[in-house]
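Asker: Residue numbers (my numbering), protein chains in the order written: chain A, 1 to 318; chain B, 1001 to 1261.
Hints in this document: simulated from the structure, not taken from any laboratory.
Hints may be right or wrong, so weigh each one.
Said to hold, decoys possible - Pairs of lysine to any residue, SDA-like flavour, derived with a Cα cap of 25 Å:
1. A/K112 x B/M1129
2. A/K55 x B/R1122
3. A/K111 x B/Q1042
4. B/K1018 x A/K136
5. A/K111 x B/M1129
6. A/K111 x B/M1128
7. B/K1224 x A/Q88
8. B/K1224 x A/L53
9. B/K1018 x A/L182
10. B/K1018 x A/S115
11. B/K1008 x A/I54
12. A/K81 x B/K1008
13. A/K136 x A/L76
14. A/K55 x B/P1192
15. A/K81 x B/P1135
16. A/K55 x B/P1135
17. A/K111 x B/A1029
18. A/K81 x A/S39
19. B/K1008 x A/L76
20. A/K136 x B/R1032
21. B/K1224 x A/L137
22. A/K111 x B/P1034
23. B/K1008 x A/D57
24. A/K112 x B/L1037
25. A/K112 x B/P1012
26. A/K55 x B/A1029
27. B/K1224 x A/I54
28. A/K55 x B/I1136
29. A/K55 x B/R1028
30. A/K16 x B/N1218
31. A/K55 x B/Q1042
Claimed, not checked - A few chain B positions that, by computed beta-carbon distances, are all more than 12 Å from chain A:
32. L1019
33. P1034
34. G1072
35. Q1076
36. I1133
37. V1160
38. T1186
39. I1199
40. L1202
Don't be surprised by glycine CBs; every beta carbon is placed ideally from N, CA and C.
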Amino acid sequence: MGVEIKVDGLTKSFGKQLIWGDVTLSIPAGQVSVMLGPSGTGKSVFLKSLIGLIKPDRGSILIEGTDIASCSERDLYEIRKLFGVLFQDGAMFGSMNLYDNVAFPLREHTKKSESEVRSIVMEKMDLVGLVGAEDKLPGEISGGMRKRAGLARALVLDPEILLIDEPDSGLDPVRTSFINQLFIDLNAQIDATFLIVTHDINSTRTVPDNIGLLYHKHLAMFGPREMLLSSEEPVVRQFLNAQTVGPIGMSEEKDADELAAEKDLDMPPLPPIPLQLEPSSGIPRRHQREPGAWCRENGVTPPPGSFESANAGLAPGA
Amino acid sequence: MSSLTASKALAPIGIAGKLFAFALDVARALFRRPFQLREFIQQAWFIASVTIVPTALVAIPFGAVIALQVGGLIKQFGAQSFTGSASVLAVIQQAAPIGTALLIAGAGGSAIAADLGARKIREELDAMMVLGIDPIQRLVVPRVLACMLVAFFLNGMVSVVGVAGGYVFNVILQDGTPGAYIASFTALAQLPDLWIGLIKALVFGLIAAVVAAYKGMNANGGPKGVGDAVNESVVITFLLLFVANFVLSMVYLQIIPPKGG
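This is chain B alone, in the form it adopts within the complex (with noise of 0.2 Å):
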């Protein structure tokens, strides 16, 4: 009776484990030739297309929320020329990553896990396996490179919509003024705010994809399995992403000085 409940106590660090054995085997099959080209292409194309639309979307409002926050806060302090600044960092550093990852994990995470999860369970990856092909090269290498280029390019994309968002809304809701807004940008923000944002977007395309596959690829138990499969893998992301997140702003926030302080 000890070594069952022990066994289930124990469980989540097996998962985790395997999660992670996962991830290394898709590392080493990282290098292993030939390049699955094609299939990279596709898959980029192929997530792109499902993430580009709510993640501009998302990034409007996400940019605007943090330019009124960051803009009526800054105001009381007397501090207005510092708008911009501070709203660049937030969305640079946080928002960004943030809003990618939430849509590279929701759209492109998700279609992974069902796609992966239906070839589970009609036998394809057997197939594929006993054709003396191995599904994490052939299937889960590109996709998880892909969806690492995708979020790449994403965040560039939230931290310019963002950016432009939170402009608009400065200047047209608070009355901020324009040039203030823009030259204060390098007042408090550098240039290695823009790296730990794409780094941020880099290891969350990874966590996204890496999950996702293990998921999909695990799944059983028929076509409800690959429900399952979906809705764990966006859980289990999500909490990953924050945690992920939390750790890389740590690290940061320690190892780079603020500009300015």
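Bound conformation, chain A alone (with noise of 0.2 Å):
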């Protein structure tokens, strides 16, 4: 189970705007893998492109040898039942209640019988925790709500690969804890391929396998979890520890003389490495790696106090 998706050089950009040029990255199948990014980076322009919703100018995104970037209309609709997508505010449809939302893509695309229908639906809806909502219009549930039922939705037809946009915004920091939570539990349960846009610190540190970092119109890093922890490189330091020192600022990049004044400011020492969110089952992961394994086989020296608790351990003030 699980599928790699492997992008080579795409670029897009909206008339002469460059959004993101040359990014190249295999999201390796059946792990969790998390894209980050300052605001406005593209890291939903590049969701869009990765289901073929938008059609970036080079490139290739190579899913079980179909290039989505090129591929018919026709083959499209066929490779995009592999995706599960969870939208910012969950998409669901106005006009349905969570029961027919959720059951949808169910009735479209399979000739299951009703009571098949719904045994599907019930234990998804027991997944997100939704049981008991299941009459309920999208307008008259939370936003946290509509996101746990856009995830049922995306889980109905039981994808290969989940492709999650920003599941903490506007959820409180406990519900953000609990959504973690499910995708790593889900993660075990269905060993899909999962990417995760967001831009959340926290989230990022203590969940995936695997992060990538869009900043300035490129992809400035994708490797593993301890690998961008550990880096010395000043974009993904500043960005992964939530610093206002480094390259980064307020509108996009820093100018000359706002860097020629931090010259002599160090960047904080890196923070320690969390330990990584564990199955709540306790049974581990097919591709959990024991905590520090990338750092002792390459070498890596991770930040003292490393590994040691769950708190994703931000530097002090940040």
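Once you've looked at the hints, go ahead and assemble the two chains, each given alone in its own frame, into the complex.
Answerer: Written as structure tokens, this is what we have:
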């Protein structure tokens, strides 16, 4: 289970404005990856081009031998059946209640009887903790519930790839933790490839197997979680530790004056790398690695105090 | 700079091309199974329910005005016995399809544009595509067919109500002879006049629905974008309908010889 996504030389611009250029990465099958980036760096555009909602200008996106960027409309609709997508606001169909929303893909794509549909829908509703709210309309529930309902709908066709757009936007910290735990548990259960787009640092530090950072119109880095969390690369370091010192400024990039003014300021030391979130069942996921494994293999000394707690471990004052 | 002005000047052609391409997509999706019967019936019912009453209310004065105008004019020629025929021709060939079109575009089309526009900005359409369902096939085709069906029947209703209204006004206000009014129906009017009226209604329904769906599905920029989409769809539809009416009338008058001529 789980499918690899190979992205090669992907470039997209709107009119004359380049969104990102030459993005090359491969999102490993069955693992949880997070795509990070400052606001307005085209993270959502990246996600939408992965499912063919936006055509990139150049480059390819290979999924099971099909190039999403150039395949026909018919193939695109076929390949999309592998995907589950959770949109920012859940994107529930406003005219249907939650039950019909979640049942919608099943009714459209399968010939299952109504009782089979019911059992699958109720199972997914149970998974996201929405049993009892089936008859509500999307307009009648909170943003967090809509998000969970969107997740239930994304899961209903047993996707191989799950794309998640900003799961934490509009959720309180507790619900964010719950939904993060849910992602990990789901990954343990269905082994799908997860790609989460977010700019929540807490989640990024503790949830994924891999992290990617989009910055200044290109992919700054993509690799295992420990690689990025122990990276000395200024952009990665600044972003993953939520600091003001570094190349990223308020509007986009800092200008030369601002950088010169900061020249003598040292970046604060790297905070310890937290433990990764584990499935609540206690049974490790298939792609889960032992804490510190990557650091040992690559001869990197993790910051002191690493792998001791699941506390996201941000530097004080961040 | 020159390329900038050129691209600006050519922008309307690009939009027209996109609209046409969208219409072709709809035509292609028309034949893709499964046909969305449920959505089609719901939409037909919905469009009918928002258009029937206003259309009937518009049809009565429409027929009356034509009857009064034509009746007054024809009296001066001393050809009162042809009043019925002339007003039937005017109502069935022109007034009925245009009246239908205005209400289909104003009431039905604006509802379609608003509905699809709201779905677009809430990412519902994206979600649908991601679930492997083509919104053109699932949502637009049933709406286009429903709009055409309702336009077809509304046209029939406007014809009947318009002619009846004309009859009442001619007989009561202009002292026309009831028998002469009805008897002269077939003097100038012929069956193809009815066909062209119905064909016009179908074409107008098609144009109204395609433009509304196109504008709705390309709404952007939040709730204001939906409002703009509705507004533009109604204006563009009106313009296109009058052009289409002109072309269809010209072609018809060229290929079908007038009766008694």
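Asker: All the hints need checking, so say for each whether the structure fits it.
Answerer: These are the hints, each one checked on the structure:
| no. | hint | verdict |
| --- | --- | --- |
| 1 | A/K112 x B/M1129 | holds, 21 Å |
| 2 | A/K55 x B/R1122 | holds, 20 Å |
| 3 | A/K111 x B/Q1042 | holds, 23 Å |
| 4 | B/K1018 x A/K136 | violated, 38 Å |
| 5 | A/K111 x B/M1129 | holds, 20 Å |
| 6 | A/K111 x B/M1128 | holds, 18 Å |
| 7 | B/K1224 x A/Q88 | holds, 20 Å |
| 8 | B/K1224 x A/L53 | holds, 23 Å |
| 9 | B/K1018 x A/L182 | violated, 43 Å |
| 10 | B/K1018 x A/S115 | violated, 43 Å |
| 11 | B/K1008 x A/I54 | holds, 24 Å |
| 12 | A/K81 x B/K1008 | violated, 40 Å |
| 13 | A/K136 x A/L76 | violated, 32 Å |
| 14 | A/K55 x B/P1192 | violated, 49 Å |
| 15 | A/K81 x B/P1135 | holds, 15 Å |
| 16 | A/K55 x B/P1135 | holds, 18 Å |
| 17 | A/K111 x B/A1029 | holds, 21 Å |
| 18 | A/K81 x A/S39 | violated, 30 Å |
| 19 | B/K1008 x A/L76 | violated, 33 Å |
| 20 | A/K136 x B/R1032 | violated, 33 Å |
| 21 | B/K1224 x A/L137 | holds, 24 Å |
| 22 | A/K111 x B/P1034 | holds, 13 Å |
| 23 | B/K1008 x A/D57 | holds, 22 Å |
| 24 | A/K112 x B/L1037 | holds, 19 Å |
| 25 | A/K112 x B/P1012 | violated, 47 Å |
| 26 | A/K55 x B/A1029 | holds, 21 Å |
| 27 | B/K1224 x A/I54 | holds, 23 Å |
| 28 | A/K55 x B/I1136 | holds, 18 Å |
| 29 | A/K55 x B/R1028 | holds, 21 Å |
| 30 | A/K16 x B/N1218 | holds, 21 Å |
| 31 | A/K55 x B/Q1042 | violated, 34 Å |
| 32 | L1019 | holds, 19 Å |
| 33 | P1034 | violated, 9 Å |
| 34 | G1072 | holds, 51 Å |
| 35 | Q1076 | holds, 57 Å |
| 36 | I1133 | violated, 5 Å |
| 37 | V1160 | holds, 34 Å |
| 38 | T1186 | holds, 49 Å |
| 39 | I1199 | holds, 32 Å |
| 40 | L1202 | holds, 28 Å |
In terms of the numbered hints stated before, the structure departs from hints 4, 9, 10, 12, 13, 14, 18, 19, 20, 25, 31, 33, 36, listed from lowest to highest.
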